[in-house]
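Undergrad: Listed here are the chains, written in short residue letters.
Protein chains: 2
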Amino acid sequence: MQRSIATVSLSGTLPEKLEAIAAAGFDGVEIFENDLLYYDGSPREIKQMCADLGIDITLFQPFRDFEGCRRDRLPRNLERAERKFDLMQELGTDLVLVCSNALADSVGDEQILVDDLRLLAERAGARGLRIGYEALAWGRHVNTYQQVWNIVRQADHPNLGVLLDSFHTLSLKGDPRAIADIPGEKIFFVQMADAPILAMDVLEWSRHFRCFPGQGEFDLPGFLAPIIQSGYTGPLSLEIFNDGFRAAPPRANAADGLRSLLYLEEKTRARLQQQHATAAPNLDILFATPPASEYDGIEFLEFAVDESLGAKLAHWLERLGFVKAGEHRSKNVTLLRQGDINLILNAEPYSFAHSFFEAHGPSLCATAVRVKDSASALARAVAYKGQPYRGLVGPNELELAAVRAPDGSLIYLVDEHADVYGTDFRLQPSVASGGGLKRIDHMAMALPADSLDSWVLFYKSLLDFEADDEVVLPDPYGLVKSRALRSRCSSIRLPLNISENRNTAISHALSSYRGSGVHHIAFDCDDIFAEVSRAKEAGVPLLDIPLNYYDDLAARFDFDDEFLSKLAYYNVLYDRDAQGGELFHVYTEPFEGRFFFEIIQRKNGYMGYGAANVAVRLAAMAKSRSGGVRHAKL
Amino acid sequence: MQRSIATVSLSGTLPEKLEAIAAAGFDGVEIFENDLLYYDGSPREIKQMCADLGIDITLFQPFRDFEGCRRDRLPRNLERAERKFDLMQELGTDLVLVCSNALADSVGDEQILVDDLRLLAERAGARGLRIGYEALAWGRHVNTYQQVWNIVRQADHPNLGVLLDSFHTLSLKGDPRAIADIPGEKIFFVQMADAPILAMDVLEWSRHFRCFPGQGEFDLPGFLAPIIQSGYTGPLSLEIFNDGFRAAPPRANAADGLRSLLYLEEKTRARLQQQHATAAPNLDILFATPPASEYDGIEFLEFAVDESLGAKLAHWLERLGFVKAGEHRSKNVTLLRQGDINLILNAEPYSFAHSFFEAHGPSLCATAVRVKDSASALARAVAYKGQPYRGLVGPNELELAAVRAPDGSLIYLVDEHADVYGTDFRLQPSVASGGGLKRIDHMAMALPADSLDSWVLFYKSLLDFEADDEVVLPDPYGLVKSRALRSRCSSIRLPLNISENRNTAISHALSSYRGSGVHHIAFDCDDIFAEVSRAKEAGVPLLDIPLNYYDDLAARFDFDDEFLSKLAYYNVLYDRDAQGGELFHVYTEPFEGRFFFEIIQRKNGYMGYGAANVAVRLAAMAKSRSGGVRHAKL
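Residue numbers (the working numbering), protein chains in the order written: chain A, 1 to 634; chain B, 1 to 634.
Calculated from the structure, these hints are not laboratory results.
Take every hint as true, because none was put in to throw you off.
List time: in silico BS3-like cross-link candidates among lysine-lysine, alpha-carbon distance up to 30 Å:
{"no.": "1", "chain 1": "A", "residue 1": "Lys603", "chain 2": "B", "residue 2": "Lys84"}
{"no.": "2", "chain 1": "B", "residue 1": "Lys623", "chain 2": "A", "residue 2": "Lys47"}
{"no.": "3", "chain 1": "B", "residue 1": "Lys481", "chain 2": "B", "residue 2": "Lys173"}
{"no.": "4", "chain 1": "A", "residue 1": "Lys566", "chain 2": "B", "residue 2": "Lys84"}
According to the in silico footprint, chain B covers these stretches of chain A (three or more CB under 8 Å from chain B):
{"no.": "5", "region": "10 to 16"}
{"no.": "6", "region": "78 to 85"}
{"no.": "7", "region": "196 to 202"}
{"no.": "8", "region": "501 to 515"}
{"no.": "9", "region": "542 to 555"}
{"no.": "10", "region": "612 to 620"}
To give an idea of the chain A side of the interface with chain B (calculated C-beta under 7 Å), a few residues:
{"no.": "11", "residue": "Leu36"}
{"no.": "12", "residue": "Leu37"}
{"no.": "13", "residue": "Tyr38"}
{"no.": "14", "residue": "Tyr39"}
{"no.": "15", "residue": "Asp40"}
{"no.": "16", "residue": "Asp243"}
{"no.": "17", "residue": "Arg246"}
{"no.": "18", "residue": "Ala247"}
{"no.": "19", "residue": "Pro476"}
{"no.": "20", "residue": "Tyr477"}
{"no.": "21", "residue": "Gly478"}
{"no.": "22", "residue": "Leu479"}
All values reported here derive from a predicted model rather than from experimental measurement.
Where is the CB? At the ideal position from N, CA and C, for every residue including glycine.
Could you put the whole structure together from the sequences, leaning on the hints where they help?
TA: So this is what it looks like as structure tokens:
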């Protein structure tokens, strides 16, 4: 398919936008009129600029409030159209978007609409131009594609066709399936936009909250599938009005846009194949990629440290029950183990970890995930424009497939049953670990507020993860938003946390990392009190939870006093879901003021992350940051 | 009235909140339960803290989902209530907010609701505690104050009363007038919150978008008036859930909160007086202040400069047609004049202007407004907790009443017909000015995004200004929001501009000022082409507008080519409103990369600020900032 994007979807001046669009690999661009008006080069210069960059101008848009206008205004409106036709010819594009009239004084008489649009199509046709007619969700008389197709069919002019925009249909809960019945050659253009489902005015929703396919909640494969079935082979274009995108760096954002189209195409292809859609002769115009791998949890986490912080972190982990299981044969790299958990501390100079340490301080620099087939997983990531990574591998060292995560850290793709450590590490003959931590339950990240959508798209497309709904949580110094990513089997869970305010725990993490970074790592166990008691005895600093929290637990649940005292003594937080699932969890103080650890026990199928307790944890962290000192004056 | 605020309205730890509340001058505080749960001191310690700070605990809240609960849960719920009663007694407060049950499985049978609440009131009464019953807008069965009063009346227990919250009534477009018929002593508590009118889910609206009275769009005097008429004399309390407030500095925000209550009281008193409300015996419990002054435009603007920048700015202004009209008798201060416009350039060392210059660079450090009675205007500002300013006044110099604006600059309150300049300045014998600029049309400010509400409240309360609706405008690097403040006569107009994004024109202004500052100053004239042609000839650098803009004007309006060429030649922007009002305006390049000037001509009663042209102006400014250099690769 020809992949395209509207200039309004990106920030910057027109040349900045066009460059970003070309660099991302789009084939074409919709010129949004205002971007042209505000630019001080002529339309001819823009035409040349696009030609030099190798992108087509797929559409000029919008032309508003034409059909059914007040009758006395028709000549003036035709004159206005001719001026814009001049401009289109200078630009070198033959298609203009005419959106349905939204004026209160416009008329809805069908014959008038048909006649007006036929007249406009004749004028356009005389110059070899074409009209794409689109239903705005807030059009005064025309707001569905069914109405548009009815009018286009009656006008019956070769230079007039249907223009589809997913937002205008899906925001009104329209059913897109009848699109399949429109002849593909009468669909002139297709615009795709996703959005979160919001109960608000549709015009405001459209102008500020659209997002790239896969970032919102619309069923976009369900919209694109009937378009492919219709036989449409024209451009697939993104038209995204989004407040954040208007300020985001255009190159990175355009790259996300292209990735989102590929993702949409893959999902649409799967949908059509599922439906055994024999009536889709042109399925092959859709992007195809190796299917996603199956996952089997996290193989290891690698921390970037230097010698002294490495020793310090190792000591922390040993107090949590980890044991040193091996040393790298040739590098300053240590392996710690407990249960199914492997943690690598990398203090090797001139390594990837070292440069990561230089940039971010002590931090998580790599995550290894277990996959069924690493070669195919890597091929998929690369097809989605992921950046593969090849490290410095010594003689007789294992080389692992890797791709860069959005924060620059590495995601290793490790084959199940591969001997990951035997080649590189001198392993200790089996040592019993000191604790009962079993596996990595989840790994929470702190991100800059404006990068959440980009991360979600990265994990959805390259790794085929799913994203849970966003939850909003109060930090004493502002709100924190959290959205969890999961592998489909839930063996890898990655809650992403953002905050738009300066003094929250998330913002403190961001500033200490100078960028995104791991916020905490949760370890699963079968007996939380055994683990916490061992940790406490070993001197692990636990996050102190106020007694008032336990008084409230007493009011809410039917616990006996002894059990409550035990929870309070060990600073264990408690949550219960509607299905009776239970969560027990406890937090450590942060390591070097950065990431911290959580010990967690899930009972009866509890699936969440203890959102009900995040506020008390954030308040305790705020107090801990301020040194736990009571306010001077009180 | 006893003035109170809920802890949830402010950011910070509980002690930080309580201190801010006391410092702002509130008499009481509602303890929001979560603030208590997350605090590691006991309820007794909080009681002591409030006593030390001199504030009462007016309310403990909320107690949820009690009345009409599933019958098997009633004993457990009563047990829960007793636990909270324990806590209230430790806190030393006797009133708890019980909000209407929002659970899907709650029952709506009126007799059950009455019985449940009577039972709870009996339990409370046995301990000398009281229940305030509130209708949540999203309550399952009870969501109006009329229902609440009906239930409270039937339960007929001295320890059960009505709790009113403006948001829950006004968000559902409820009519508050019948509140006047509830006996005042059966209203136990009143919570006030304003909000912008938003077409969205009421629960989300309530939890994230409430604001202080006067900052939103609800008719709050219309809500408070019937409460006063009922004979209610209890606390007036703010309960504001607002994402911004959760991150704002608590002291400044609490001060805004108190100011908003005073403003609400003044407006309510006026409303009741207007209604000749003889049935309001306790009108005097409402805040009273000198009435607002009438305004007659801006007397002068004062710029903080140093010697060399002062000379440079004077030269700029002279090219715009200003003439030097006087020098200060003893200070390094110059007066420039044109029409009714007086501009003062202050380069005096050891002056207020000098310290302002040190902090912000060349900037506007004072605005003098003409008022009918400066003494009364100052008294009003001080009553609203404005900070009066007394400068260093030399012998035989005029002393002007002044108050600090939110950005630390000064607002002088100057009596009409006062001889402002004769005392201090050696005035030139009348010199004809070189141009036809007549008066200051408006003065646009750039503010940090989170301070807009605070500014609006400042001007509404201290100066009795009005605020227009917010408009959203696209800068190439993000959205800009603008809200104009006006004196009621419109002789002083002050559009306030904010942007949440880093690279917009507004953000550049903020970073150059290290804070808020003037963005541009618009001068009115009768013949824009005469003024612009003179300015152009004098070498004033005008902001270059792309030709494409004029092609679009040609398509939209019926101008002849000669007139269009003239607009384009002089870079004049054009707008026309629905009533045929017309605006012509032109911008200069910024002075020292900071503020710039606008020349403006309004025709046929055009009232706006040319919002339709702001995007093209912002794009031109972005290009001008980047030095007007075309993108290297193109």
